[in-house]
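From first to last, the protein sequence lines are chains Y and V.
Residue numbering for the first sequence is 1 to 357, as defined by UniProt numbering.
Residue numbering for the second sequence is 1 to 357, as defined by UniProt numbering.
Hints listed in this document are in silico derivations from the structure and should not be mistaken for laboratory results.
A hint or two may mislead.
Identical chains share a label here; the pair holds if one copy fits it or two copies do between them.
Only pairs whose alpha carbons sit at most 20 Å apart, straight line, appear in this in silico SDA-like list of lysine to any residue [what the hints assert, rightly or not]:
{"hint": "1", "residue 1": "Lys217", "residue 2": "Phe262"}
{"hint": "2", "residue 1": "Lys186", "residue 2": "Asp228"}
{"hint": "3", "residue 1": "Lys193", "residue 2": "Ser2"}
{"hint": "4", "residue 1": "Lys354", "residue 2": "Gln9"}
{"hint": "5", "residue 1": "Lys205", "residue 2": "Glu315"}
{"hint": "6", "residue 1": "Lys186", "residue 2": "Asp204"}
{"hint": "7", "residue 1": "Lys205", "residue 2": "Gln308"}
{"hint": "8", "residue 1": "Lys205", "residue 2": "Ala313"}
{"hint": "9", "residue 1": "Lys168", "residue 2": "Asp133"}
{"hint": "10", "residue 1": "Lys205", "residue 2": "Pro311"}
{"hint": "11", "residue 1": "Lys205", "residue 2": "Gly314"}
{"hint": "12", "residue 1": "Lys301", "residue 2": "Ser143"}
{"hint": "13", "residue 1": "Lys205", "residue 2": "Ala309"}
{"hint": "14", "residue 1": "Lys354", "residue 2": "Met21"}
{"hint": "15", "residue 1": "Lys301", "residue 2": "Pro272"}
{"hint": "16", "residue 1": "Lys205", "residue 2": "Gln316"}
{"hint": "17", "residue 1": "Lys352", "residue 2": "Ser264"}
{"hint": "18", "residue 1": "Lys301", "residue 2": "Leu268"}
{"hint": "19", "residue 1": "Lys193", "residue 2": "Lys217"}
{"hint": "20", "residue 1": "Lys205", "residue 2": "Ser218"}
{"hint": "21", "residue 1": "Lys205", "residue 2": "Arg307"}
Each chain is listed here by its residues.
2 protein chains.
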Amino acid sequence: MSQIVSYPQLREFTRAVFIKMGCPPQDAETASEVLLSADLRGIDSHGVARLSGYVRLWEAGRINATPNVRVVYETPSTAVVDGDAGLGLVVAPFAMKVAIEKAAAVGSGWVSVRNSNHFGIAGQHAMMALEKDMIGMAMTNASPLVAPTFATERMLGTNPIAVAIPAKEQPAFVADFATTTAANGKLEILQRKSQEAPTGWIQDKDGHSSTNPHELKSGGALLPLGGDRDHGSHKGYCLGAIVDIFSAVLSGANYGPWAPPFVSFLPLAPDPVGEGLGHFLGAMRVDAFRPADEFKEHMDKWITRFRQATPVAGEQVLIPGDPEREMEKERRVSGIPLLDPVVKDLQEVAGKFKLDF
Amino acid sequence: MSQIVSYPQLREFTRAVFIKMGCPPQDAETASEVLLSADLRGIDSHGVARLSGYVRLWEAGRINATPNVRVVYETPSTAVVDGDAGLGLVVAPFAMKVAIEKAAAVGSGWVSVRNSNHFGIAGQHAMMALEKDMIGMAMTNASPLVAPTFATERMLGTNPIAVAIPAKEQPAFVADFATTTAANGKLEILQRKSQEAPTGWIQDKDGHSSTNPHELKSGGALLPLGGDRDHGSHKGYCLGAIVDIFSAVLSGANYGPWAPPFVSFLPLAPDPVGEGLGHFLGAMRVDAFRPADEFKEHMDKWITRFRQATPVAGEQVLIPGDPEREMEKERRVSGIPLLDPVVKDLQEVAGKFKLDF
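Can you make the complete structure from the sequences, with help from the hints?
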C-alpha cells in the first residue's frame with residue numbers, strides 16, 4: 001500500500017516541480033526543503049502529499065511563482081512582510097530571516113505576514129532560530145474548518161503554533177501543534193482507514209459530538225483543543241483566535257472565516273478583509289535575557305529532569321520534538337514512505353510537467 | 001453561605017493588610033488593585049480568597065514587603081527583572097511597565113522575571129497594555145500540580161497565559177486561561193460542593209483517569225489542557241512547558257518541579273535551580289505593524305463577525321473576555337460575594353493585624 005522513496009530523490013523531484021512552476025532556483029530549493037521537512041519529521045499530511053495542492057493553487061492563479069516578497073512596514077523590533085501571493089514555503093523563511101536579523105540587532109524580532117499561502121509545518125520555520133542561539137516562534141492562520149466553542153459555523157483554521165528553544169548538549173525543545181484537539185491530517189488518516197474518531201475531535205452540523213471522520217463533508221467542524229466547554233475548548237478557541245489575530249489582523253491578511261481555502265476548487269470569499277493568508281514569526285536571542293551558555297545549561301537541566309519524570313507504567317515522558325527528531329533520523333537513512341494515493345498524485349504532477357517520478 | 005462586601009470596602013481592607021505587612025503605600029495600592037481585579041472579574045479563587053496565603057508566605061519570610069525590584073539585564077526590546085522576593089502583585093506591574101516602555105521605544109518589549117511570587121490573575125497585567133494601543137501578554141509559572149503526558153509526577157504549574165488585544169468601538173479581546181483542562185480553583189469549588197470532576201481534569205497517583213476532586217491529596221495530579229494523549233494533552237503539556245521556560249529559564253527563576261509552592265506549609269525545594277517564581281510579560285505596539293486605527297477597526301470587525309457566528313441551539317458565541325467584563329460591571333455596583341470560609345479567613349487576618357473586617 002506504500003512505497004519508499006529516498007529523501008534526496010523526493011527532494012530533487014519536488015524542486016524540479018517548483019522550477020517548472022516558474023520559481024527561481026533558490027526559491028525552488030527553499031520550498032522543497034521546507035515542504036519535505038514535514039515528511040522527514042513524520043507529519044506526512046503536510047509534506048509532499050500536498051505538492052499537487054500547491055500545483056493546483058498555482059494553476060488557479062492563486063500562487064505567484066515569482067513574487068516580490070518585501071518588508072512593507074517596520075520598527076526596530078517588528079515588521080510586516082507582504083508575500084505578494086508567493087508560496088508560504090518561501091515567504092515564511094524570508095520573514096523569519098527578518099525576525100532573526102531584528103533579534104540580532106535589538107534582542108527580539110516579530111514579523112507579521114500578509115498575502116501569503118500555506119507554509120508547510122510551523123516547526124521548520126521556528127527551528128531556523130536555533131542555530132543563532134535564539135528562541136524561534138511560528139504560527140499561521142489557515143482555511144476555516146474549526147467551530148469556536150458554542151458555534152456550529154467554521155470560523156478558524158487549525159492554526160498551529162511552534163516554539164523552538166535551543167539547549168546545549170540536549171537536542172532542542174521543539175513544540176509544534178495545531179490548536180485543535182486533532183489536526184486535520186489525523187482525521188484524513190482515519191478516513192482512509194474507515195475508523196471512528198475519538199469524541200472531542202469533531203462535531204456535526206448542529207454542534208453535537210460526533211465520531212464520524214467524514215463529518216466535515218456534511219457541515220460538521222473540527223473542535224478547538226479541549227473538545228467541549230467542560231474540557232476547556234474555550235482555551236483552544238482562544239489559542240486559535242490569537243494565532244488568527246497575530247497572523248492576519250496585525251498584517252492585513254484575511255482572518256477568521258475569510259481565510260482562503262487550501263483546496264483550489266473552493267472559491268475565495270467574495271468580500272476579502274485583507275490579502276491572502278497570514279503568518280506570524282518571532283525570534284528572541286537567549287542572550288538578550290542571560291548569557292547564552294547559562295541559559296542553555298539550564299535548558300539541558302530542564303530537559304533532563306522532565307525526561308526523568310516518573311512515568312505511567314509502560315510509558316515514557318517525552319520532550320516536545322523527540323518523536324519528530326527520531327523520525328527524521330530514521331527517514332534520512334531509510335527513505336520516506338508514500339501511500340499509494342500520494343504516489344498516484346505525484347505521478348500526475350510528473351505527467352503534467354513531463355518529469356519522471 | 002456567603003456575604004457581599006462592596007468593592008471599595010474590600011479594597012481598602014486589603015490595602016490596609018498590605019500596609020501592615022510593611023509594604024510602601026504605593027505598593028499596597030497596586031497589590032490590592034491587582035489582587036481584587038480577580039474578584040471583580042469573577043475569578044474568585046485568585047482574589048481576596050488568597051490574601052491569607054500571601055500573609056502566611058510573608059510570615060514565613062518568603063515575601064519581602066520592601067523589595068528592591070529592578071532591571072538586571074537588558075537589550076532595547078528585552079529585559080530581566082529581579083523581583084527581590086517581593087509580591088508578584090507588585091513585581092509583575094513593574095515588569096509590565098518596562099515591557100511597555102520598550103515597546104514604545106522599539107515596537108515591542110519582552111520581560112522575563114525571576115525571584116518573584118504569585119502575581120494574581122495574568123489578564124490584569126496583560127490589560128495594562130491596552131490603554132497604550134498595545135497588545136499585552138502575561139504568563140507565569142506556579143506550584144507544580146500538573147503531570148506531563150505519560151507522567152505520574154507533578155512537574156508543572158497550571159501556568160496561565162493571558163493575551164489582551166485592543167479594539168476600537170468593541171471592548172478589548174482578553175484571553176486569560178490556565179494551560180490545564182481546568183484551573184485548580186475550579187477543582188476547589190467541586191471539593192467544597194462534594195461533586196465529582198469531569199473526566200480529563202485529574203488523574204490518580206498511578207496516572208489513571210479519576211473524577212475524585214480530592215485526588216491531589218493522594219498523589220494525583222491535574223492534567224494538561226486536552227486531558228489525555230488522544231485528546232491532545234501533549235499540546236497542553238507543550239503550552240505549560242513554554243510558559244515555564246519563558247518565565248523561569250530565561251530569567252533565572254525556579255522551573256518545573258522546583259517552582260516554590262504557594263502554600264507556606266510546604267517546604268521549598270532543597271536544591272533550587274533559580275530564585276523564586278518566574279513571570280513573562282510582553283507588549284507590542286499595534287502601530288508597530290500597521291496604523292493603529294486601521295488595526296483597531298479590523299479588530300472590531302473580527303469581534304463582530306465572531307460574535308455573529310452561527311451558534312449551537314440555545315447558546316451564544318462569546319469573545320474572550322466577555323464573561324469577565326460583564327461580571328466586573330456587575331460587581332463594581334453590587335459588590336463582591338465572599339464565601340463563609342473566605343470571610344472567616346479574612347477575619348483571622350484582621351485579628352492578626354488589629355484591623356476591622
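Between copies, within a copy, both or neither: which fits Lys205 and Arg307 at Cα up to 20 Å? So Lys205 and Arg307 pass the 20 Å test across copies only (18 Å; inside, 42 Å).
Quick one: Lys205 to Ala309, C-alpha cut-off 20 Å, is that within a copy, between copies, both, or neither? between (42 Å within a copy, 13 Å between copies)
For Lys168 vs Asp133, is the C-alpha pair at or below 20 Å within one copy, between two copies, both, or neither? Within one copy only: 10 Å inside a chain, 38 Å across chains, cut-off 20 Å.
Should Lys193 paired with Lys217 be assigned to within, between, both, or neither, using CA atoms and 20 Å as the limit? within (17 Å within a copy, 43 Å between copies)
Status of Ser143 relative to Lys301 across identical chains (alpha carbons, at most 20 Å): between (39 Å within a copy, 18 Å between copies)
Intra- versus inter-copy proximity for Phe262 and Lys217 (alpha-carbon distance at most 20 Å): within (15 Å within a copy, 49 Å between copies)
Quick one: Lys205 to Gln308, C-alpha cut-off 20 Å, is that within a copy, between copies, both, or neither? Between copies only: 17 Å across chains, 44 Å inside a chain, cut-off 20 Å.
For Lys205 vs Gln316, is the C-alpha pair at or below 20 Å within one copy, between two copies, both, or neither? between (38 Å within a copy, 16 Å between copies)
My question is about Lys354 and Gln9: at a cut-off of 20 Å on alpha-carbon distance, are they close within one copy, between copies, both, or neither? within (16 Å within a copy, 80 Å between copies)
Up to 20 Å CA-CA - Glu315 versus Lys205, copy category: Only across copies: Lys205 and Glu315 sit 15 Å apart there, 37 Å inside one copy, limit 20 Å.
Quick one: Lys354 to Met21, C-alpha cut-off 20 Å, is that within a copy, between copies, both, or neither? within (12 Å within a copy, 80 Å between copies)
Please work out whether the CA atoms of Lys301 and Leu268 approach to 20 Å or closer within one copy, between two copies, in both situations, or in neither? between (49 Å within a copy, 19 Å between copies)
Of the numbered hints stated above, none is contradicted by the structure.
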